[in-house]
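Chains as they are written, first to last, in the working numbering: chain V, 1 to 242; chain F, 1 to 242.
Treat the hints as calculated values from the structure; they're not laboratory data.
On a predicted model such as this, the values are computed, not experimentally measured, just so you know.
Cβ atoms here follow ideal geometry from the backbone N, Cα and C, with glycine treated the same way.
Possibly wrong hints are sitting among the right ones.
Said to hold, decoys possible - Computed cross-link-like contacts, BS3-like style, restricted to lysine-lysine with a CA-CA straight-line distance of at most 27 Å:
1) V:96 with V:61
2) V:199 with F:187
3) V:209 with F:173
4) F:148 with V:148
5) V:187 with F:199
6) F:90 with F:209
7) V:209 with V:199
8) F:90 with F:63
9) F:90 with F:62
10) F:173 with V:148
11) F:135 with F:148
12) F:209 with F:148
13) V:187 with F:90
14) V:165 with V:240
15) F:209 with V:173
16) F:187 with F:173
17) F:63 with V:173
18) F:62 with V:199
19) F:187 with V:187
20) V:187 with V:148
21) V:173 with F:148
22) F:199 with V:165
23) V:187 with F:173
24) F:135 with F:165
25) F:240 with F:135
26) V:165 with F:187
27) V:62 with V:92
28) F:199 with V:173
29) V:199 with F:90
To be verified - Selected chain F positions facing chain V (Cβ under 10 Å, derived; list incomplete):
30) 107
31) 170
32) 185
33) 199
34) 225
Protein chains: 2
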Amino acid sequence: MTTRNLEVCLTPAVFNRFDHEDAAVVIIDVLRASSLICTAFANGAVAIIPVSEVTQAMDYKKKGFMVAAERDGFVLDFADFGNSPFNFTKEKVEGKTIVYSTTNGTRLIELASASFSCAIGTFNNLSAIIRWVLKQDRDVILFCAGWKDKFNLEDTICAGAMAEKLIESGQYKTICDSAYAATDLWKLASPDPLHYIQKAAQRNRLRDKGLDDCIEYCMSVDLNASVPVVINSELRDFSKLT
Amino acid sequence: MTTRNLEVCLTPAVFNRFDHEDAAVVIIDVLRASSLICTAFANGAVAIIPVSEVTQAMDYKKKGFMVAAERDGFVLDFADFGNSPFNFTKEKVEGKTIVYSTTNGTRLIELASASFSCAIGTFNNLSAIIRWVLKQDRDVILFCAGWKDKFNLEDTICAGAMAEKLIESGQYKTICDSAYAATDLWKLASPDPLHYIQKAAQRNRLRDKGLDDCIEYCMSVDLNASVPVVINSELRDFSKLT
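With the rest of the complex left out, here is chain V (with noise of 0.2 Å):
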């Protein structure tokens, strides 16, 4: 088996720098969104819609669609659910389609999407990304949503967990600086990830927001075993595609 290529995207700034067109992508986005979105798919979602604008979000709602949308930590009030993965429960979400709205979501998505395969990872759904990375045996850009165009620790270190299992299993390498450092941070991360993001600005953020109940879920590895990925700018889980 060839020895594949691994390297991790910092911050979507510079997505465009990385030989994507032939890659497996994976958009990692801890606090909140890559969560949110995997408990979805694990409470029996059938898709996930990514819309750019509020207004988009309105028109599905008119249609019967259930939607999420927030801003600045306020859910929006014609809409279903926030973005705290708790509001995604089986009663809620089994069998629908559910429209989100995220403006910084449907970007990455957008840029991902012009690679050769693009899905969502978190802590959540650890293995099964891994393991979904390995079947697509081609180069991998582990890509970090950040905040605003800037590094953050939560994504980087998530990176990080996924490099060291990917380049465990012998069939990645990494020549990648942005691998090393996302590697060399999870190391120092690891043995208590849930207090080494204490220092991080947006689980500062969170708290300051009453947001920050979601935390601990959030950086828990394998929840579940969804694996959104995306298909015609809509997301789907894998897991149950095969």
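Using the hints, position chain F against chain V.
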């Protein structure tokens, strides 16, 4: 004394995401631009004029200036120096103004020139640059040059070394994820920085080109007390201006 804010910018691609207009900025390009600039001033250069185009460098050469110009590791025919700090001896540079052809360096200086003040830092002038920052007594951005807009290890751990000293001074604090990452990576690297960067891509690019004789020099702390600052798009040694 007011406690000032410290941030680390890991790549030029996101510099404009930082509030830099009122900040002091330290540009860090360890392998090898920062090192050659500090060495030239330590050996008595009067000024360094960065230019982005080779044709500009050639025009200066015709006017009688000494010119440093290298592309992909090769000294250009018409130039007096390449990018190795070892080229910039006292015999060659004392009392001279040197034109330095560097597309990326010129871009970084242009970006950072919109800030309150801007200096060039690296391991070679670490203590001197820390003293300069503390004298500025304002928010600081440690600005890593990276490689083609991507993150690199050597600039990041150098930023971490500076951040550690500035925070230890009590005059600076940080809430910046990039600064936490840089200081954490520096803690890992600091027992043996030269060993730590053996895996860095730029270290290996220089080895492949037989240009790695200066790595140990570039990673050495406090070889000189140069403080190259940007004044009217030229570099001058602040330590000799005051």
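The hints, checked one at a time:
1. V:96 with V:61: holds, 13 Å
2. V:199 with F:187: holds, 16 Å
3. V:209 with F:173: Judged against 27 Å, a Cα distance of about 23 Å means the pair holds.
4. F:148 with V:148: holds, 20 Å
5. V:187 with F:199: At roughly 16 Å apart (the allowed maximum being 27 Å), residue 199 (chain F) and residue 187 (chain V) satisfy the hint.
6. F:90 with F:209: Satisfied, since the Cα-Cα distance of roughly 26 Å is no more than 27 Å.
7. V:209 with V:199: holds, 16 Å
8. F:90 with F:63: This hinted pair holds, its Cα atoms lying about 22 Å apart.
9. F:90 with F:62: With Cα atoms ~23 Å apart, residue 90 (chain F) and residue 62 (chain F) stay inside 27 Å; holds.
10. F:173 with V:148: Roughly 21 Å separates the two Cα atoms, so the pair holds.
11. F:135 with F:148: violated, 32 Å
12. F:209 with F:148: holds, 18 Å
13. V:187 with F:90: Measuring from Cα to Cα gives roughly 45 Å; hence the hint is violated.
14. V:165 with V:240: holds, 23 Å
15. F:209 with V:173: The given pair, whose Cα atoms are some 23 Å apart, holds under the 27 Å limit.
16. F:187 with F:173: holds, 17 Å
17. F:63 with V:173: Between residue 63 (chain F) and residue 173 (chain V) the Cα gap is close to 50 Å, so the pair fails against 27 Å, i.e. violated.
18. F:62 with V:199: At roughly 55 Å apart (the allowed maximum being 27 Å), residue 199 (chain V) and residue 62 (chain F) break the hint.
19. F:187 with V:187: holds, 13 Å
20. V:187 with V:148: Given pair residue 187 (chain V), residue 148 (chain V) holds - Cα atoms ~26 Å apart, limit 27 Å.
21. V:173 with F:148: Cα-Cα ~21 Å, so holds.
22. F:199 with V:165: Distance ~19 Å between residue 199 (chain F) and residue 165 (chain V) Cα, so the pair holds.
23. V:187 with F:173: Roughly 25 Å between the alpha carbons, so the hint for residue 187 (chain V) and residue 173 (chain F) holds.
24. F:135 with F:165: holds, 14 Å
25. F:240 with F:135: holds, 15 Å
26. V:165 with F:187: At roughly 24 Å apart (the allowed maximum being 27 Å), residue 187 (chain F) and residue 165 (chain V) satisfy the hint.
27. V:62 with V:92: holds, 18 Å
28. F:199 with V:173: holds, 12 Å
29. V:199 with F:90: This hinted pair is violated, its Cα atoms lying about 47 Å apart.
30. 107: Hint violated; residue 107 (chain F) Cβ to chain V Cβ min 15 Å, cut 10 Å.
31. 170: Nearest chain V Cβ about 18 Å off; hint violated.
32. 185: Hint on residue 185 (chain F): holds, closest Cβ of chain V at ~6 Å, below 10 Å.
33. 199: For residue 199 (chain F), the interface hint holds, since the closest Cβ of chain V sits about 6 Å away, which is under 10 Å.
34. 225: Status violated, d = 29 Å.
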